[in-house]
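Novice: For the protein sequence lines, the chains are R and E, in the order given.
Residue numbering for the first sequence follows the numbering used here, starting at 1 and increasing by one per position.
Residue numbering for the second sequence follows the numbering used here, starting at 1001 and increasing by one per position.
Hint data in this document are derived by calculation from the structure and do not stem from the laboratory.
This list has only true hints and no planted wrong ones.
In silico DSSO-like pairs for lysine-lysine, Cα to Cα no more than 27 angstroms straight-line: (1) K14(R) with K1017(E); (2) K1017(E) with K314(R); (3) K112(R) with K1073(E); (4) K138(R) with K85(R); (5) K1350(E) with K14(R).
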Amino acid sequence: MQIKPILTALRHHKAGTVLIAVQIALTLAIVCNALFIIHQRVTQLSQPSGLDEAHLIRIQNQWVGKADDKAYGSLMATDLATLRKLPGVADAYATNSVPLSGGGWSMSLRLKADQSAPSAQTAIYFSDDHTLSTLGLKLVAGRNFRADDIRPMSAKEDLLHPAVIIVTRALADKLFPTSRAVGQTVYLANHLSTIIGVVERMQTPWVGMSWGSAASTLVPFRLLTGGTNYVIRTQPGQPDRVRRSAPDALFAQNRMRVIPDQHGVETFRQIRADAYASDRGMAILMGVICVVLLAITAAGIVGLTSFWVGQRRKQIGVRRALGATRGDILSYFLTENLLIGMGGVLLGIALAIGLNLWMVTRFEMQHLSLWYVLAGAVALLLLGQGAVLAPALRASRVSPVEATRSV
Amino acid sequence: MFGYYLELALRSLRRNKVLTALMVLAIALGIGASMTTLTVLHVLSGDPVPGRSSTLYYPQIDPRDMSGYLPGKSQPMYQMSWIDGMNLLRAKRADRQALMTGGLVAVQPHNTMLDPFYEAARFTTADFFPMFGVPFEYGHPWHAADDEAHARVVVISAALDDKLFGGKDSTGKTLRLSGVAFRVVGVLGDWHPNPQFYDLLRKSFGENEGVYVPLSTSQDVGMNHDGSTDCWGNGGSGKNPSHTAPCAWLQFWVQLDTPTRAAAYKTFLVHYSEQQKALGRFQRPPNVRLRDVMQWLDYNRVVPDNVRLQTWLALGFLLVCLVNTVGLMLAKFMRRAPELGVRRALGASKRALFAQLLVESGLVGLAGGTGGLLLALLGLSLVRRQPAEYAPLAHLDPAMLLVTFLLALGASLLAGLLPAWRACQIAPALRLKSN
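Here chain E stands alone, though its shape is the one from the complex (with noise of 0.2 angstroms):
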């Protein structure tokens, strides 16, 4: 029966071939659109550390002063400072603990061919590695007591090896930083973690560091940092903030295995806070927060109000498409009236004519489909050329090609239902008749 529909309502596609085009080209525009737009929404919004995201979180307090603070509204300070940092690494109340920030290094290569350049680093204490689920390709992270010792070691990413060491294993080999010799223990595996949860004011996306160094070893042989500094009370802001200062330059990450230590690990913040207030180094209230990776992402609004905007727009567009296709598949349905009519003469009941209707709808939508997912490549190869830093990020996956097709086929499903019902509702001696 289904290949009987089948030939029926290609037979009725090839009758009419403008207003088939014309529907298959809305469908196809709409699901283009929206595909293209739904692609790059799905890719910023994904989880950067999957399995591990529910249980690694960002404690936030407030240090500052009582000047502008307004009781119950104010959020606390974005980023740590360096006392406070410090301070929770080392009362070690969580599973993992890793204190960190970025910074901007310059490296001399040994290899005389390449020109000295300036590298992304991330000063950062040993735990980073485990709490991240950071891979190595060779060798291995530092360990606390290298953080302790203030080690000269350094771990570098797997672009940075292949552009000094040609892709070999580097591990025990010297690297110049900021003039001075580190040795290499270890070279990450493949990692790209998007959006980058861990520092969003550095850049949300993109390509992680080059060059990962003990946070102790940097502060001693003074590598520039470089990232966002906020100050406040009488905290200047120099570029290199000094360890003292109010100033918040420092991010602070957790692991919490179980949201009982959790909840404790909260507690523990206020508690942290009331005592700091005490000593008279807080004034403000205990303002605190502990959000996990995700509500972290959330919160920054990590994925660009334009990208949100663009979807609305989009599915506004597929709107419009679906409505201009329930029209044209009215018309198109209402015309074959009175061949209808002859059908429901000869016997066919009111469900075989509408389930034949909706196939040549479906039909439609997959064709539309396949044109739309034509467009939503384009469309993708279109945005992986601009200069946002998600760009590069913009590739279709196969789940979101699943969803092409479903959107597809469900949209042009959906318009075909109103007009094969209301083909389904004439008379059939009326059409008859007037014949």
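Extracted from the complex, chain R is given alone in its bound form (with noise of 0.2 angstroms):
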């Protein structure tokens, strides 16, 4: 295959050639940095929150009326004991908060009180003995909080002072990266706790947080207030009849309270899909726009090359006529819209990596992997060629006879 005509030949259409070159430039530009923001969006989402997700649901609570603190732990014990009675359901508890729910606490950790920096930031769940059987949490190290470390915390306490926690591994090895976690003590707030157990994972309340999505912190309270959340672990197969059954035998139970309509009884399920609603959406959009961007681009080609291939019929005519064959003129176009392709990719790596660049610097973005790049230039070649098939085929069914007519 002669190079050399070809790049003649595309001297006098400059403007055309161009045109597809950076449309393909900045088509792959986008489709990279696109898929690039798929690929973050879902290993963000597809993060294991370490619960036992299938089994769990989430009612929130909210009694009405006035009532004192001590009203309020008996109205949770009696919850608590009438919802594990309840048929399908194998453990509850209470809490302030639950992974991914969007709202929850967080405090900063020290190891020694007069450190200026905190060592790691926490989310903090009010749990208590029945959490980690509840939740399905695994301890890997030490032990799980009995009934007499529970304590009850006033609303109107400033003080969080746990005896003792139970940590995340990811928050431990962040604290005590060479050392056992277990029987090691850390300064919460202004005061000392020593940390009894570790769990394998947990997520925070938080989606997207800088530091981390699994330093999390249980301390041994239960939170004395008008509002708390109940988790229920259901049996399996229970879910969806311990969704019906456990608001009504709470409300037997008591009238004085309020569940709310919109997310008052939920599956974990629900919460995690609420959770990720804005990344699954980020990374749908960004699908649909690489596919709309790749199938316009393979267009643009289709029209321009047709125009070029309608525009030289008689010199391909005279081509045939000169013997070539029907296999040089389809490689004739295949080759030229390579070429092509070639300049617009490399401007478009170009292009990519720039786009990326500025994005990190304006939005929390990661660095490009260049396997995208590679990936997308195979790819916008590859389109390149399909699309200049027909036009090419076309071109090449051109018949000898074209080069005498007229002229």
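With the hints in hand, could you dock these two chains into one complex?
Specialist: Structure, rendered in structure tokens:
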């Protein structure tokens, strides 16, 4: 295949050549970055929460009317007893927040009291001795809370100082990278707490926090307040039944409560879907944009090449009359497109990397992996070849007789 | 002349339907995607209190200890502590000032058909209403005297009035909130500031609170605080922060009618910080900010990153569509070189041909713009079905409608420039000869 005549011919329609190359370059730059964003979002939303999600239900409960701390304590204890007795329920506990729910409590941890910068940031989950078995958390070191570790805490109390805490492995590794965490002490606010256990994983209530998605601490407190979350673990196959029976049982037990219509009773699957809705939406949108962009670029190539074929029918006829085979004509157009495509792809690689660098400064983005760029480049070259095939085949069918028509 | 060009353009566009359809589709897709995201961006970055936003300021001071302090870099505390908020409120150095925080109250309707429910509340002081220009349907705001007297009065939103009292004038009626009887003194009119600039930590977009209670009263009754609490030093983080704890959980807004007043207020904040430092309450050197509403929204990056990213993506998409249209238009115009050659030979000037070709590309732009508008309406209806807080706000307004067509027309004329110019450069004699 001779490339020189193709280049000479391309010089005659510079504008069209440049336009196709630019379009390929822009498409490559956008598609690479869009695919990379999709990858990031999908990685984000496929992180495990560490919970036995399939069997969990959360109920948001608010008491109505005035009550004191003591009354809240006994109301919660009665509710938990009611829930645990319910058919289909394996276990239940009360807490301030659950992973991925979007709202919660965070604190900083220090190893020494006089340290100026905190050692780590953590989510705080109010827990009791039923928490591990309800959520299905795996204890990898130390022990669970005992019933006598659990203390009540008033909503008006300023200071939270648990004697014992359980942390996630992610947090334990951050605090004590080289030694065993169980038995060590850390400062939570300004009070010393002893780590008695480590669980394998438990995500924080927030998605996409800079300090890590799994740095969580369980504290042995029952928060006495007008609003609480009950978390229920159902027996296999029972979530739907318990979802309906649990609020009924709570209302039958005491009517002076509000369980909101929206998000009042939710399975963990719904909580997860809500938490990642914007990530999923973004990934889908990026996907659609990629597909449409590639289609438009392909259509543009078909349109412009068809025009070139139409313009050159006579020249093609002359070449055919002079002995060029159909294959020669076909490969001429394919090579021509490949050359333009390669020019575009080279420009596109530079654009893709430039665009990524710009997005790193403007948005929370990581650096683009080169594999994406290479895969995108190959995909666009193939797309170009595919798009040019139909007009090129039409060109190859031009009969040598065309050479004799007119002029 | 224009009519003739239009006719020529229509005839030419009809001649090659596939190519025309492809161009119109490319412009429509590009415009549709851009307008959808631009409209969302436009709605989200709007002014929530038009006419007042430049005189409303959010003062910030820094009462924290030295831990983690970076001179010149540390931002002051995001919210106010009770003590500082009260000090600044009582100093009355601004034209108007209000101290506020978010809450959650149990509403117990008189009407026994309705179950008790929880409603978002704002605990604030009297200036809140005149300062933010809040309209009233019935009644009036409470007065500064009510703040002092810890009066059990409440202002409710129109939506809550509809729910509880069927939308009738409920002023003077009694409403039980968190187990205590309150007298309704006012019902708000149509007031939906978006973004909810006054407390962005609660939520940035959406419905405002249903219940407004004097801050002093809310503390007496022990209503539940609902919002963010930041503590420093040995402050814990109780759900209902105490008034003496080193915790910031209130928002303080002031109205300063002239830039001179604003500058003077900033100086006052510095003096206040110095004075508190001398008293030993503050430890850091004075670290204050005084941002107006738009600066405050900007600082908080109230427009989500996702929306910005989508807008850039859509504009990139539009660019590709435009390049694509330039290419197709070029092919189309060059194919008509013989016809253009004949017209030139018959005496049409280059300028006339150029105008004729631009009319043709403008026509493609109008068709693309119409298609783009339909796609944008579809896109916005999809956005509204998203679970995001801002989703219900995504509507096209007349200004954006105009922008759609200007963008489409401008884009297609721009796309037509190069091809039209190239087509006009053809020497007529050459074209005639080759025919």
